[in-house]
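2 protein chains.
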Amino acid sequence: MNGAESLVRTLVAGGADCCFSNPGTSEMHFVAALDRVEGMSCVLCLFEGVATGAADGWARMTGRPGLTLLHLGPGLANGLANLHNAKKAGTPIVNVVGEHTTQHLAYDAPLSSDTEGVARPMSHWVRTGRDSLGIAADGAEAVTAARTASAYGPGSVATLILPADTAWGPGSAPVTPAAPPPRAAPEPSLVAEAVAALKRGGETLLFIGADAVRAEVLTLAGAIAARTGAAIMGRTSLSRLERGAGHVPLPRLPYPIDLSIEALKPYRSIILVGAPDPVAFFGYPGKPNRLAPPDAAIIPLADGSRDLAAVLRELAEAVGAKASDAPRAALARPALPQGALTPESAMTALAALMPENAVIIDESLTSGRATAALTAEAPPHDWLQITGGSIGIGPPLALGAAVGAPGRKVIALQADGSAMYTLQALWSQARVGADVLTIIWANRSYAILSGELRAVGALNPGRKALDMLSLDHPALDWVSLARGMGVPGRSAATADAFVAALREGLPQRGPFLIEALI
Amino acid sequence: MNGAESLVRTLVAGGADCCFSNPGTSEMHFVAALDRVEGMSCVLCLFEGVATGAADGWARMTGRPGLTLLHLGPGLANGLANLHNAKKAGTPIVNVVGEHTTQHLAYDAPLSSDTEGVARPMSHWVRTGRDSLGIAADGAEAVTAARTASAYGPGSVATLILPADTAWGPGSAPVTPAAPPPRAAPEPSLVAEAVAALKRGGETLLFIGADAVRAEVLTLAGAIAARTGAAIMGRTSLSRLERGAGHVPLPRLPYPIDLSIEALKPYRSIILVGAPDPVAFFGYPGKPNRLAPPDAAIIPLADGSRDLAAVLRELAEAVGAKASDAPRAALARPALPQGALTPESAMTALAALMPENAVIIDESLTSGRATAALTAEAPPHDWLQITGGSIGIGPPLALGAAVGAPGRKVIALQADGSAMYTLQALWSQARVGADVLTIIWANRSYAILSGELRAVGALNPGRKALDMLSLDHPALDWVSLARGMGVPGRSAATADAFVAALREGLPQRGPFLIEALI
Numbered sequence: 001m002n003g004a005e006s007l008v009r010t011l012v013a014g015g016a017d018c019c020f021s022n023p024g025t026s027e028m029h030f031v032a033a034l035d036r037v038e039g040m041s042c043v044l045c046l047f048e049g050v051a052t053g054a055a056d057g058w059a060r061m062t063g064r065p066g067l068t069l070l071h072l073g074p075g076l077a078n079g080l081a082n083l084h085n086a087k088k089a090g091t092p093i094v095n096v097v098g099e100h101t102t103q104h105l106a107y108d109a110p111l112s113s114d115t116e117g118v119a120r121p122m123s124h125w126v127r128t129g130r131d132s133l134g135i136a137a138d139g140a141e142a143v144t145a146a147r148t149a150s151a152y153g154p155g156s157v158a159t160l161i162l163p164a165d166t167a168w169g170p171g172s173a174p175v176t177p178a179a180p181p182p183r184a185a186p187e188p189s190l191v192a193e194a195v196a197a198l199k200r201g202g203e204t205l206l207f208i209g210a211d212a213v214r215a216e217v218l219t220l221a222g223a224i225a226a227r228t229g230a231a232i233m234g235r236t237s238l239s240r241l242e243r244g245a246g247h248v249p250l251p252r253l254p255y256p257i258d259l260s261i262e263a264l265k266p267y268r269s270i271i272l273v274g275a276p277d278p279v280a281f282f283g284y285p286g287k288p289n290r291l292a293p294p295d296a297a298i299i300p301l302a303d304g305s306r307d308l309a310a311v312l313r314e315l316a317e318a319v320g321a322k323a324s325d326a327p328r329a330a331l332a333r334p335a336l337p338q339g340a341l342t343p344e345s346a347m348t349a350l351a352a353l354m355p356e357n358a359v360i361i362d363e364s365l366t367s368g369r370a371t372a373a374l375t376a377e378a379p380p381h382d383w384l385q386i387t388g389g390s391i392g393i394g395p396p397l398a399l400g401a402a403v404g405a406p407g408r409k410v411i412a413l414q415a416d417g418s419a420m421y422t423l424q425a426l427w428s429q430a431r432v433g434a435d436v437l438t439i440i441w442a443n444r445s446y447a448i449l450s451g452e453l454r455a456v457g458a459l460n461p462g463r464k465a466l467d468m469l470s471l472d473h474p475a476l477d478w479v480s481l482a483r484g485m486g487v488p489g490r491s492a493a494t495a496d497a498f499v500a501a502l503r504e505g506l507p508q509r510g511p512f513l514i515e516a517l518i
Numbered sequence: 001m002n003g004a005e006s007l008v009r010t011l012v013a014g015g016a017d018c019c020f021s022n023p024g025t026s027e028m029h030f031v032a033a034l035d036r037v038e039g040m041s042c043v044l045c046l047f048e049g050v051a052t053g054a055a056d057g058w059a060r061m062t063g064r065p066g067l068t069l070l071h072l073g074p075g076l077a078n079g080l081a082n083l084h085n086a087k088k089a090g091t092p093i094v095n096v097v098g099e100h101t102t103q104h105l106a107y108d109a110p111l112s113s114d115t116e117g118v119a120r121p122m123s124h125w126v127r128t129g130r131d132s133l134g135i136a137a138d139g140a141e142a143v144t145a146a147r148t149a150s151a152y153g154p155g156s157v158a159t160l161i162l163p164a165d166t167a168w169g170p171g172s173a174p175v176t177p178a179a180p181p182p183r184a185a186p187e188p189s190l191v192a193e194a195v196a197a198l199k200r201g202g203e204t205l206l207f208i209g210a211d212a213v214r215a216e217v218l219t220l221a222g223a224i225a226a227r228t229g230a231a232i233m234g235r236t237s238l239s240r241l242e243r244g245a246g247h248v249p250l251p252r253l254p255y256p257i258d259l260s261i262e263a264l265k266p267y268r269s270i271i272l273v274g275a276p277d278p279v280a281f282f283g284y285p286g287k288p289n290r291l292a293p294p295d296a297a298i299i300p301l302a303d304g305s306r307d308l309a310a311v312l313r314e315l316a317e318a319v320g321a322k323a324s325d326a327p328r329a330a331l332a333r334p335a336l337p338q339g340a341l342t343p344e345s346a347m348t349a350l351a352a353l354m355p356e357n358a359v360i361i362d363e364s365l366t367s368g369r370a371t372a373a374l375t376a377e378a379p380p381h382d383w384l385q386i387t388g389g390s391i392g393i394g395p396p397l398a399l400g401a402a403v404g405a406p407g408r409k410v411i412a413l414q415a416d417g418s419a420m421y422t423l424q425a426l427w428s429q430a431r432v433g434a435d436v437l438t439i440i441w442a443n444r445s446y447a448i449l450s451g452e453l454r455a456v457g458a459l460n461p462g463r464k465a466l467d468m469l470s471l472d473h474p475a476l477d478w479v480s481l482a483r484g485m486g487v488p489g490r491s492a493a494t495a496d497a498f499v500a501a502l503r504e505g506l507p508q509r510g511p512f513l514i515e516a517l518i
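Protein chains in written order, with the numbering used here: chain G, 1 to 518; chain V, 1 to 518.
Hints are computed from structural coordinates only; laboratory data are not their basis. Glycine included, every Cβ here is placed at the ideal spot set by N, Cα and C. Check the hints yourself; a few may be wrong.
[Stated by the list, open to error] The following label-pair restraints were derived from C-beta to C-beta distances:
id: 1; chain 1: G; residue 1: Glu344; chain 2: V; residue 2: Pro488; range: 29 to 39 Å
id: 2; chain 1: V; residue 1: Pro285; chain 2: G; residue 2: Pro288; range: 53 to 63 Å
id: 3; chain 1: G; residue 1: Asp496; chain 2: V; residue 2: Pro380; range: 39 to 49 Å
id: 4; chain 1: G; residue 1: Ala179; chain 2: V; residue 2: Pro488; range: 36 to 46 Å
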């Protein structure tokens, strides 16, 4: 067994058994080892940002470490933006990054670069393999590192750099990764502080993030709020919220700074559960960085590295809340819309027609802000978002979620500008028959920036400035782009046409794209 | 004048006057300032790797610093792969990377990351602006840093990180960038060594890279070789070679390791002129890292940071060579091909029909290896290549070259797998009417990796491994992909159809794409 095979077997033993790959020469032995190991599946991606975003989506659905195979420093660099999102989601990720042989690293070859330096900003754990006999142990440590909770949630980003000779040299036996350290219990003094605040009722907010928005934990939060009269609110972007009929309704902090300050204004105490002290997405002239009222008490009960279920069980017990106290969303399907196609009418149509147990990928940005409420009483579903603000996560996240959750319909709500960063994911969706319905919000602009231009006080923009925000010359033709990658699609300019396209796309068992001309 | 405007005026004063942009919130004041400054043009790119590759292409054609505008750490990360290529090309580049406000950096916002850490691996110079009054001076230093020669050629990569408040606060007057330090003269002892080796004639090789392959300097190299009986050879990949009828013919070191060792075997002395000691692209089992015969004398006459024109003038004088001694390629147009479409017949057609003074962008990889010779006696043209081995440079390099060299036809020879990394460049080509004819070598595989799989000794690959090298399921449809971004195209499966497509595409004054089904 060579080093590559020992590593592949180790990764499979650690549950990292689906490899989103964009390989090159230095990874050829790893690629060849894939065939010798049962239980490892592979998805070829035509760009590294697709591989990293898909690994994130797969891991969010399976709870196991998402695995990528990337090619040297520049290949890893192409994957960093979505690793940034994965890091901010607290997703467990293992990147295997092929590297020049140990000997060749001494020379200045065209592809030589500081691979560890590239990895570090978006990784919690970085190691370069030293020799082929040790690479399985390195891989096991990478898996354990990935499964170690971070401030943002249950996982971390681990990057193992694999010099080609550590892959082709003799390997050890596979190594079973050690269990990660258990997530820490809450500090008793903070629990006491939180309980005291909750007993003050309506002026207290449970501000929730990380994996505290999964059904079981969220139910506890809903029960505590119902019992005490406190409020609950989620972060603006969440890694995987369970919502819809039967789940606890969770409002989220709005994105625009004025609305977010307004939303937090009523609260005198804010208890942080898997979430940081709320701060603005960006700094704006003359506006605060922190969003909570300056005199509100912030109780940092638990960041994402803690055992959030245990945290909320303690709180629930202290206030006498039971799961049955939690409010639940009703099931209510709206009537089908007619007339103009807008984000509102489109989301109404989706709420009317979406199947039970869907997985929603939300990179809608401006088109999604006002419309998420329209699906609050739709059949139960998961809601996965862009967590680190680095656009271009949607198409790969949908790919990975579909591979990680077979049998569930994935519906991607996708801003057009953002989709262009990683549109290559459509090809992989077609290749593996991923059950993804993509809805492109074709507003043909970086609409978010029009608001931001005003928000930062850059007034009276001229032609050149506005030209930097517009995507309408030429207009992107998403049906052609999808066809070019083997994905069928329809364009819809009216609510009727959108409903017809949904009725065509939803029953498919493979990728389909609707260009919504809003 | 705010900081942003002082910076834009400073960049224009430094010749960095075409901004390849993918902006976000933190860059809105920079964007607004673009309208207040005459002389700065802007090209919107829908992905950061397009912006960095285009800036490289623009700078290779103009000789001035290529300018990008990027958004925070993740946006810069998306641009790194082509910055790697630019760095290895010795191209002068200034990246302006928007950042959170100085105050906001203290908080953990979704887009917070270690932006300097992201910049460092692919930048020679990195700075974060401290305040708006100093940002023009910072910009001037960035321009000077970009224009400072590096080991790879006449320029460097400079990254200036621009916190939003340094853009919107009060600015100073614009600053005129200082001249870069002059490129160093050669070491007299190395010149003497080189002259002695040249006088030994046929066993000596001038191994050439950086900007020593531009016509004036290359002519001197050709004259020296003609005079002494020495040979000349270029690096495998060159930033901008002037070739074709009237230019000095320059063979290049082959890519495959066995061929490259063979090519260097005859030489006892290798004089390095703007090139490093030749090393293999990758390390391979049982093969050397260095390519020169182990007992050959390596004379490191000048790396890319030296004044290569002065170096060769000294050599020429010492051996009594005059420019008129240099051999020149004849003009010879081949007959039009018929029959099957292969890289050979396609390149023959191109040699028959290409206009004078074209700019060839070469990211053909496997399809280009055997065919470059077919255009050796075509009308004079420039030949720009992927310099750092990081694939996905071609479409943006073509965009930037077209913007930087108006009136010249740009012809991009583009491998299909590589094109997928940065296909968004086609949209910018359409938007600005860039005069680019793209030829996609649609072999529907990572063909280069099939050879590499063998070269690294990963024998008997199985289904999963081969699946990682094949792009044929589904087949990419490049005419649809181009149409989706507003670029007209044709698919060609025979030599006749390819000739017809060339005859349609070459006279256009805007982008056109030919999918060559080889």
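* To do: List, from low to high, the hint numbers that the structure doesn't satisfy.
  => Numbers 3 and 4, in rising order.
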